[in-house]
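If you read the protein sequences in the order shown, they are chains V and R. This note's numbering numbers the first residue of the first sequence as 1 and each following residue consecutively. This note's numbering numbers the first residue of the second sequence as 1 and each following residue consecutively.
Keep in mind that the hints were calculated from the coordinates and are not lab data. Idealized CB from N, CA, C, for every residue including glycine. Among these hints, one or two may not hold up.
Computed, partial: chain R to chain V, Cβ under 8 Å [as the list claims (entries may be wrong)]:
| # | residue |
| --- | --- |
| 1 | 13 |
| 2 | 382 |
| 3 | 386 |
| 4 | 433 |
In silico lysine-lysine, PhoX-like type, Cα no more than 20 Å apart, as pairs [said to hold, decoys possible]:
| # | chain 1 | residue 1 | chain 2 | residue 2 |
| --- | --- | --- | --- | --- |
| 5 | R | 151 | R | 118 |
| 6 | R | 466 | R | 454 |
| 7 | R | 454 | V | 55 |
| 8 | R | 64 | V | 129 |
| 9 | V | 55 | R | 144 |
| 10 | V | 107 | R | 371 |
| 11 | V | 219 | R | 300 |
| 12 | R | 319 | V | 219 |
| 13 | R | 454 | R | 371 |
| 14 | R | 319 | R | 300 |
From the structure, some residues in chain V lie toward chain R, with a derived Cβ separation under 8 Å [to be verified]:
| # | residue |
| --- | --- |
| 15 | 17 |
| 16 | 28 |
| 17 | 132 |
| 18 | 159 |
| 19 | 238 |
| 20 | 249 |
| 21 | 253 |
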Amino acid sequence: MEILKSETHYNFVKLMKPTVFLSLAVIIIGIASLIWHGGPNYGIDFSGGTLIQIKFKNATHTDKIRSAFQSAGFEGSIIQDYGPLEVMVRTPETGKNAASLTTDVEKAAQTAFGAGNYEIRRIEMVGPKVGKDLTRKAILAIIFSWIGILVYVGIRFEFRYALGGIIALVHDVLITITFLSLFDKEFDLNIVAALLTIIGYSINDTIVIFDRIRENARKNIRQSLDDIINASVNQTLSRTILTSFTVFIVLLVLFFFGGQVIHDFTFALIVGTVSGVYSTVFIASPIVLLFEKIRPSGLKRKK
Amino acid sequence: MLKSIRIRAAIVILLCLAALVYLAPSLSTTLPESWKKYLPMDKIHLGLDLQGGMHLVLEVDAAKAVESTLARSINDLKENMMEKRIRFKLTTNAAGGNAAFEFPDAPARDAFDSLLAKQYPDLEVASSGTVEGKGIATVKIKDKRALEIKKMAVEQSLETIRNRVDQFGVTEPEIIPQGADRIIVQLPGIKDTARAKSLIGRTALLEFKLVDEENSLDEALKGNIPEGDVIASESRLDRTSGRRNEIPLLLKNRTLMSGDALESAKVQIGDRFGEPHVSIKFNSQGATEFERITGENVKKRLAIVLDGVVHSAPVIQEKISGGEAQITGSFTMEEASDLAIVLRAGALPAPVTILEERTVGPSLGQDSIDKGTWASVIAGILILLFMIAYYKATGLVADVALAMNMLLLLGVMVAFKATLTLPGIAGIVLTIGMAVDANVLINERIKEELRTGKTPRAAIEAGYQKAFLTIFDSNVTTLVAALFLFGFGTGPVKGFAVTLTIGILVSMFTAVFVTRIIFDYFVWNRKIEKISI
């Protein structure tokens, strides 16, 4: 079985200008969407607050749930459906006494719904101090992994490759954030884990093509970098499609069968991996090309 | 060549067997006795999101520990100065880490300074001045010493909480420090979360104080609290209504004894009403002290105060020797046993506050496992089928590598006691993706080489050689990222980084090393014309 003819000769380099503009457009839409939504929709991990997940035996009206928790002091709670007969109640503030949180929730639920008619599946409380700390650590984790990649690729390849790779990663993260914002998904620690996965996957993909470019560049010293990039992307195309396809299958299965808890996580991954493949071809390579035009490294290649 | 294949195959088989041995306890509950004796019994360590339980982040209010150390020193200093007839007035008593003294004249101030320098190495004058002709001096704990006290407070809190949790009986609790003043407590599978929280968070400072019966409580309640007294409330359970009543009491502020001198505490059932109470036993030094105190205060009421709440205030009938006492207070059995635990484990040197709490019910955890496992199995089967459909026999080789990949990954996780979390499951699934990628890279390279007209054997040789560098670079880059995530990540990010790191290492091994053995075996010494790829 072969998806593609064994040898393709698509001119990817020619497509690079419009695709860079396309990416920029999507990112601008993302920034606009973030401004429109008043910043990212932070989950309690980052903003602090409480989250209560309850499963009911019988259908229970949202108003009843709201009033039950309102009387227990959970003002301004947001109630979301979370699967059949299951809701998530979120309040932006931790307010209240953290020590008695569990008891308060239990008490409120028991008076309102009666014992045995519900099951509290999850209670989470994150204080504002911890929220800030978690945000800082999440950002540090992402930035340091970028720096780590930059250094490694810089050593193994050349600096311009490292730069191209990193910009592609930043691109993927921005595109994912754009889609998360457009679909009004919540940003929590799981999403950070997803962004990190995307970074890992995308760099993996980028390195494969860079590796081919490096190899071809050594082989044909006289060829222009445009042609080398084109040839390299074409040669690795069937691999790119195959691998992305299998990863995509996995993600779709996780999305549909993995359960509510990782639903948003897999959503982010799907967007990110698609963007990862795209950016490898259309973002990382043009940047290498751009640097070649600014400062040709012909001498280096003649080694 | 055959010899090398045999050695390599032996390595792989040994590794797989080792992984199976590590996984067996997680897969089967009926292992033979001899297994339990000699082989590892660890199961896959599940994160709280998968098995349910409670995760707490506590903050130790270490400044309070400094404050109370200061308060004690100031008390001592006060008594010392009174003995030495130095005239002074204490204007601020250790609030906010500072105590302020006022001196009527210079000689008093000088005497104070020399006393402080001679006998109180931990204290220093933070600021001094004169207001309306009177000398003023603020005293605080020296910065270096304060840091030590804070550090000690966190370490001691950690130890105390660990003791309490151990005695509470939670399997596999995790109590670890985080940063300068935080403690993470993880209690898997716990059901009564409210009880666990009160047990962990309680300061459990036990004090014995005298009830002030000379001054009027009513006057004190109006706001005229006599010097050296304090109002506390006694909590009494009304048997008929089952409600707790708070009764105010006027106590002498001086602590005669504290819980430091305890040797043991246990629950006992009273003979008369069958009520549980906690009986405590002092160590020898404490017993002597207790005997002296009770001897000096016969016919007076001695209040037993826990965290500022009076539990009982019996009248001392006679001098008590032997160092035993009882705390009654109409407890339920649970309350009494929790009290005994906290008394045995000791008081927290500083109060703790709960900064973060995450409780996952057992049913949600089970749901997540079920769904996660199902999704992984479905995804796995789809990939296996797809690889065979696309690469035929070679796809089968890749499938063997994939299956081995899963086996080794889980085995290594058990061996290293790594925690499997929900994002971790996603990490595993992604590892499968990476492993597939490695095989795809190799196979595509072999195809390319075949197209140039090479023999199968030469094509395989060249394919592996060329693909290896790519696989190495792409995996190591991801590994670098994963290691940083592990260093900086918290919670789900960390769980993900662990599985990803192990997954990458294992997949590099299976995709490159294992598949090569199979290829080598089939092309060795045979004149195959074609590879099914």
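Going through the hints against the structure:
Because the closest C-beta pair between residue 13 of chain R and chain V is about 27 Å apart, greater than 8 Å, the hint is violated. The closest approach between the C-beta of residue 382 of chain R and any C-beta of chain V is roughly 5 Å, which is under the 8 Å cut-off, so the hint is satisfied. Restraint check, residue 386 of chain R versus chain V: the minimum CB separation of about 6 Å is within 8 Å; hint holds. A cut of 8 Å between beta carbons decides the hint on residue 433 of chain R: the least distance to chain V is about 4 Å, and the hint holds.
About 26 Å separates the Cα atoms of residue 151 of chain R and residue 118 of chain R, which puts this hinted pair outside 20 Å; it is violated. With a CA separation close to 15 Å, the supplied pair residue 466 of chain R and residue 454 of chain R stays within the 20 Å bound. For the hint linking residue 454 of chain R to residue 55 of chain V, the alpha-carbon distance of about 63 Å lies beyond 20 Å, and the restraint is violated. For the hint linking residue 64 of chain R to residue 129 of chain V, the alpha-carbon distance of about 19 Å falls within 20 Å, and the restraint holds.
Pair hint residue 55 of chain V plus residue 144 of chain R does not hold up; C-alpha atoms about 53 Å apart against a cutoff of 20 Å. Restraint check for residue 107 of chain V and residue 371 of chain R: the C-alpha separation of about 31 Å exceeds 20 Å, so the hint is violated. At roughly 99 Å between alpha-carbon atoms, residue 219 of chain V and residue 300 of chain R are farther apart than 20 Å, so this suggested pair is violated. Between residue 319 of chain R and residue 219 of chain V the alpha-carbon distance is near 99 Å, which puts this suggested pair outside the 20 Å criterion.
About 47 Å separates the Cα atoms of residue 454 of chain R and residue 371 of chain R, which puts this hinted pair outside 20 Å; it is violated. Note on residue 319 of chain R and residue 300 of chain R: the hinted pairing holds, with a Cα-Cα distance of about 11 Å set against a maximum of 20 Å. Because the smallest distance between the Cβ of residue 17 of chain V and any Cβ of chain R comes to about 27 Å, over 8 Å, the interface hint for this residue is violated. Nearest Cβ of chain R to the Cβ of residue 28 of chain V: about 27 Å, over the 8 Å cut. The hint is violated.
For residue 132 of chain V, the shortest C-beta to C-beta distance to chain R is roughly 11 Å, which exceeds 8 Å, and the interface hint is violated. A hinted interface residue such as residue 159 of chain V counts as satisfied when its beta carbon comes closer than 8 Å to some beta carbon of chain R; here the least separation is about 15 Å, so the hint is violated. Taking 8 Å as the C-beta cut-off, the interface hint given for residue 238 of chain V holds, the closest approach to chain R being about 6 Å. The closest approach between the C-beta of residue 249 of chain V and any C-beta of chain R is roughly 5 Å, which is under the 8 Å cut-off, so the hint is satisfied.
With 8 Å as the threshold, the beta carbon of residue 253 of chain V comes within range of chain R, its nearest partner Cβ sitting at about 4 Å, so the hint holds.
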